[in-house]
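*Asks:* These are the residues of each chain, in order.
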Amino acid sequence: MSTAAHLSAHGSPAPVLELRGVTVRFGSVPALSGVSLALRAGEVVCVLGENGSGKSTMVAVLSGLQQPAEGELLVDGRPERFRSPQQARACGIATVWQDLAIAPLMSVWRNFFLGAEPTRGLWPFRRLDVGRAEEITTRAMARVGVPGLDPGQAASALKAGERQSLAIARALHFGARALVIDEPTAPMTVAQRALVLQSVVAAREAGLAVLFVTHSPQHAHLVGDRFLLLGGGRVAGDLTREDVDVHDLTRLVAGGDELSRLGDSLRAAQRDR
Amino acid sequence: MPPLHPFSAESPVSTERPAGFGPVAPVAPRSAGRRVLDRLLARPGIGALFGVLVLAVFFGLQAPGLISSGGLATVLDIAAPLGIGGVAVALLLVAGQFDLSIGVVAVGSSLVTALLVTQLGLGIWPALLVSLLAALLVGAANGLLVVTTGLPSFLVTLATFLVLQGASLAGAAAIAGSSRITGLADAPGWESALAVFGATAQLGDGRFRISLLWWLLATVLTTWLLWRTRFGNAVFASGGASRAARELGVPVARTTVLLFLGTAAAGWLIGTLTLVRLGGVQVDPALGDEIEFIVVAVIGGCLLTGGYGSTVGAALGALLYAVAREGLSLADWDPRWFQAFLGMLLLVALLVNGVVRRRLRSVPRS
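If you're matching them up, the sequences are chains L and H in order. Using my numbering, you'd call the opening residue of the first sequence number 1 and step up by one each time. Using my numbering, you'd call the opening residue of the second sequence number 1 and step up by one each time.
Think of the hints as simulated: they come from the structure by calculation, not from any bench. Just so you know, not all the hints are guaranteed correct.
Unchecked claim - Short derived list, chain H residues pointing at chain L, Cβ under 7 Å:
| hint | residue |
| --- | --- |
| 1 | R228 |
| 2 | T229 |
| 3 | G240 |
To be verified - Take a look, some chain H residues computed to stay more than 12 Å from chain L by CB distance:
| hint | residue |
| --- | --- |
| 4 | G183 |
| 5 | L194 |
| 6 | N233 |
| 7 | E247 |
| 8 | F338 |
Claimed, not checked - DEER-style ranges, computed between Cβ atoms:
| hint | chain 1 | residue 1 | chain 2 | residue 2 | range |
| --- | --- | --- | --- | --- | --- |
| 9 | H | V348 | L | M188 | 40 to 48 Å |
| 10 | L | D99 | H | T148 | 20 to 28 Å |
| 11 | L | D99 | H | L203 | 51 to 59 Å |
Computed from a predicted model, the values in this text were never measured in an experiment. Glycine residues also receive a C-beta, built at the ideal position from the N, C-alpha and C atoms.
Sequences and hints are given; from them, build the entire structure.
*Replies:* And the structure:
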C-alpha cells in the first residue's frame, strides 16, 4: 500500500480530485478563501480545524453540494463543475456526511440507493430493481460488519452504530475513486469510532483517494498521510506524516488562534531542513 | 473483525495503521419475532381500511340500503372525485407539501372549458386541452413559487386559491353574465367526451359512473409511482429528510414542482368529470373541497410532517368519507352532523397516525 502512495506522490498521474484557489461565500462572508488541495489515489488527507473553519464547506464543495464562487475543481486534472451531488457520485466521489444523510422513515435499501437507484425496464415502465437493490445492500452492510440485516426495515429501527454503518457502506459502494468522510459528531462509542477509521483504511487500501475531516488529531494521525489544517476558511498548514507526530498535531489543532502562526513556523522549519 | 483502540496508551505516536475490514462475517438472520404484526400495524392505510369496515357495518345495520348495489353506486360516486384529488394530495403530503388550490383548480378549469366552448365556439376536446394547460400552469406557478421562495406551500396555495376563486367568480359573471354556464351538449366532440368522462353502467339498481375507473387508475398509477420508481423514492426523501435528500443529490425541487403539476392535473380531471356529468359548470363560492382532500389523505395515514403515507390509504380515506356521508343520509340523520362527524374522524386519524409514527421503528413494507 505504501508503494502505491509513493508512486502517486512522485507525481505520475494527476490527482484524483483537486481544488485550486477555491473560494465560497455565504452572502459576503467567505467560508473558504483561496483553498487548494490535492487528493491522490491511495492517500489519506486529513482536514483538521475548529468549528467554523470551513471543513464542512470544503466537504460540500468536493461532493457537489456547493458550487465555488471562485477557483476550480478538477477530477483527474480536468476541470469539472458539479451541479449536484448526483454528478459527483456518478464520477465515483462518495461522501459520508456529518449527519449521515439518512431518511429515518425509509427502508434501509431505499436509503442505501437514495438518489442513485438501480432500475430495470424501459421508460415509461422503468421501475426500481428492488431485488438487486436489497441484495447489494445486504452484502454491503455485511462488509462493514452488520450481517443479516433485513434491508426492508426502516432506517429508524437501526441502532445508532448501524445507521453509521449504513452511511459508510453506501459511501464505500458508490465511491469508486474518492471518498470524503466528514466524521460524524453524534456521540460515538469506541467501536463506532473504530468503524469510521476502519472505513478510511479500507478505502485507502482499495486505492481510493480519501479526505477525512475530523475534530480529533489522534484519529487523524492514526490514519492520515497528510494533514491539512484549516483556520478561518484558509489553509493554515499542510503537513505530511513525516513532519509531525501526534503530539505536534494535537498542539497545532488545539492552538486555536495560534494555529496559522504555528503552521507558518512549522512550514518555515520544514523549508530549513 | 479486530477491535481497534484509537486511544490505546502504549503507542499514541505509533505509525502503525489500524487494519481495514476483515473477512465478511457469515450472515445470521435475525429472529422475525413480532415483525409480521408490527409490519401490518405500521402499514399506512390500515387504519382507514379498518374504519371503512367498521362504518360499513355500523351504517349497514342502521340503513341496510347502504349495502345494496344502489347504495354502493352512490358511495363510490361520492368517493371517486374525492379519491382522485386525495391520492394526488397524498403524494404531495408525503413530499412534505400542501395544496389548498386543487378544488378551485377543478372549478376554474371546467369554467375555462365551458367558456371556450360557449363563447368561442371551440370543440370540447380543444377546450379541454387548453384548460388542462391552464391548470398545469397554475400547478407550475404553485410549485415554482414554493421551490424558489421557500415559503410554506400552505400559504402559497392559499394565495393561489384566493386569486383563482375571485377570478373565477368575477370572470364568469363578466364574460357569461352568470355564475352558471350550461349548454355544452351541442358542442362538437360532446359524444366522445361523454364516453370518456361521463359514461355510466347500470348494475342492479345502481348506476356506476366511469369516474370510478379514473379513480382506480389514479390510485394504481400513484401507488406504482410512489413505491416502485425513483420518483417515488425522491418523494419520500423530499418530505422525510430534505437535508439528506439534498446531500445525496435527490432532485427535491424538480420532484416538488412535478407533484404540484400532479395535483393541478387531478383538479382538472375532477372538474372535467363534473363538467361532463352536469353538461355545464356552476361556480360556487365555497371553501371546503380542498380541505376534504387533505382530510382524506390524513385519514389514509399520511403524516402532515411528510415522509410517510400511502395513496392506497388516501383512496380508502375517500371511501371512508363517502360511506360516512351516505350512511348518515340513509340512516335519516340530519346531514349537518356530517361535518362534526368528519372532524371526529380526522381527530381519530391524527391520533392513530401519531401512534403509528411512534411504532415506525418497525416499518411497513419496502
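*Asks:* Would you mind marking each hint as holding or not holding in the structure?
*Replies:* Hint-by-hint comparison with the structure:
A hinted interface residue such as R228 of chain H counts as satisfied when its beta carbon comes closer than 7 Å to some beta carbon of chain L; here the least separation is about 5 Å, so the hint holds. Annotation: T229 of chain H was flagged as interfacial toward chain L, and the flag holds, the nearest CB pair being 6 Å apart, inside 7 Å. Annotation: G240 of chain H was flagged as interfacial toward chain L, and the flag holds, the nearest CB pair being 4 Å apart, inside 7 Å. A cut-off of 12 Å between C-beta atoms confirms that G183 of chain H is not in contact with chain L; the least separation is 38 Å.
Against the 12 Å criterion, L194 of chain H stays outside the reach of chain L, whose nearest CB is about 28 Å from its own CB. Interface exclusion of N233 of chain H from chain L breaks down, the closest Cβ pair being 6 Å apart, not more than 12 Å. The Cβ of E247 of chain H sits about 4 Å from the closest Cβ of chain L, inside the 12 Å cut-off, so the non-interface label is violated. At roughly 33 Å, the least C-beta separation between F338 of chain H and chain L is larger than 12 Å, which holds for a residue marked as non-interface.
As the Cβ distance of V348 of chain H to M188 of chain L is approximately 41 Å, the hint placing it in 40 to 48 Å holds. Roughly 25 Å separates the CB atoms of D99 of chain L and T148 of chain H, a value that falls within the hinted 20 to 28 Å. Under the hint 51 to 59 Å, the C-beta atoms of D99 of chain L and L203 of chain H, about 55 Å apart, fit the expected range.
Violated hints, listed in ascending order, are 6, 7; each of the other numbered hints is respected by the structure.
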